[in-house]
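Turn these sequences into a full structure, and let the hints steer you where they fit.
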Amino acid sequence: MKITREIKTAILVIASILLFIWGYSFLKGRDLFTSYKTFYVEYNNVEGLASSAPVTINGLVVGKVSSIQLQNGTGKLVVELQIKTIFLFQKPALLIYMSQD
Numbered sequence: 012m013k014i015t016r017e018i019k020t021a022i023l024v025i026a027s028i029l030l031f032i033w034g035y036s037f038l039k040g041r042d043l044f045t046s047y048k049t050f051y052v053e054y055n056n057v058e059g060l061a062s063s064a065p066v067t068i069n070g071l072v073v074g075k076v077s078s079i080q081l082q083n084g085t086g087k088l089v090v091e092l093q094i095k096t097i098f099l100f101q102k103p104a105l106l107i108y109m110s111q112d
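Going by our numbering, 29 is the number at position 18 of the sequence shown; the sequence numbering is gapless.
By construction, these hints were calculated from the structure, which means they are not laboratory data.
Treat the hints with caution; some may be incorrect.
Pairs of lysine-lysine residues, derived as DSS-like cross-links and limited to a Cα-Cα distance of at most 27 Å, are as follows [what the hints assert, rightly or not]: (1) K87 - K48; (2) K48 - K95; (3) K39 - K75; (4) K75 - K48; (5) K95 - K39; (6) K75 - K95; (7) K39 - K87; (8) K75 - K87.
Have a look at the derived ranges for each label pair, beta carbon to beta carbon [to be verified]: (9) I68 - F44: 15 to 25 Å; (10) W33 - A64: 21 to 31 Å; (11) R16 - V72: 41 to 51 Å.
Glycine included, every Cβ here is placed at the ideal spot set by N, Cα and C.
Here's what the structure looks like:
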């Protein structure tokens with residue numbers, strides 16, 4: 012069976028689109044093949060913290076900061092953390108809510 016020029020072009024276009032999507036996600040700091048748990052935490056001050064910063068526990072990288080937003084009315088900052096695995100946190104009062112991706 013001979014593969015025509017149109018089929019080769021279609022395969023090349025589909026592969027390049029998938030590579031572009033993966034590369035764009037990689038540059039934004041997202042991993043398409045890893046599942047995360049999302050935690051939202053309130054802080055009064057997050058000086059020096061930025062999006063895509065690593066989240067570490069005792070030096071081990073367990074996730075990253077997804078976004079930082081100002082909460083309306085209270086003036087506190089809500090930080091969205093994406094954690095790769097489940098850990099028990101010592102201060103559960105900081106945890107607002109959790110969602111599964």
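field: Pair hint K95 and K39, alpha-carbon separation not exceeding 27 Å
entry: 17 Å, holds
message: Run the distance test for K39 versus K87: straight-line Cα separation, threshold 27 Å.
response: 25 Å, holds
Proposed proximity, K95 with K48 (alpha carbon, max 27 Å): 6 Å, holds
task: For the pair we were handed, K75 and K95, check the Cα-Cα distance against 27 Å.
output: Holds: K75 and K95 sit about 9 Å apart, inside 27 Å.
- request: Starting from K39, check that the Cα of K75 is at most 27 Å away, please.
  value: It holds: about 12 Å lies between the C-alpha atoms, which stays within 27 Å.
message: Run the distance test for K87 versus K48: straight-line Cα separation, threshold 27 Å.
response: Distance of about 22 Å is within 27 Å: holds.
- request: Return holds or violated for the Cβ distance of I68 and F44 against the range 15 to 25 Å.
  value: Distance hint for I68, F44 holds at roughly 22 Å.
- prompt: Given the proposed pairing of K75 with K48, does the C-alpha separation stay at or below 27 Å?
  reply: 11 Å, holds
message: Can you tell me whether the CB distance of W33 to A64 sits inside 21 to 31 Å?
response: 22 Å, holds
task: Take a look at whether the Cβ-Cβ distance between R16 and V72 falls inside 41 to 51 Å.
output: 47 Å, holds
message: Check the hint pairing K75 with K87 against an upper bound of 27 Å on the C-alpha distance.
response: 20 Å, holds
Hint compliance for this structure: no hint is broken.
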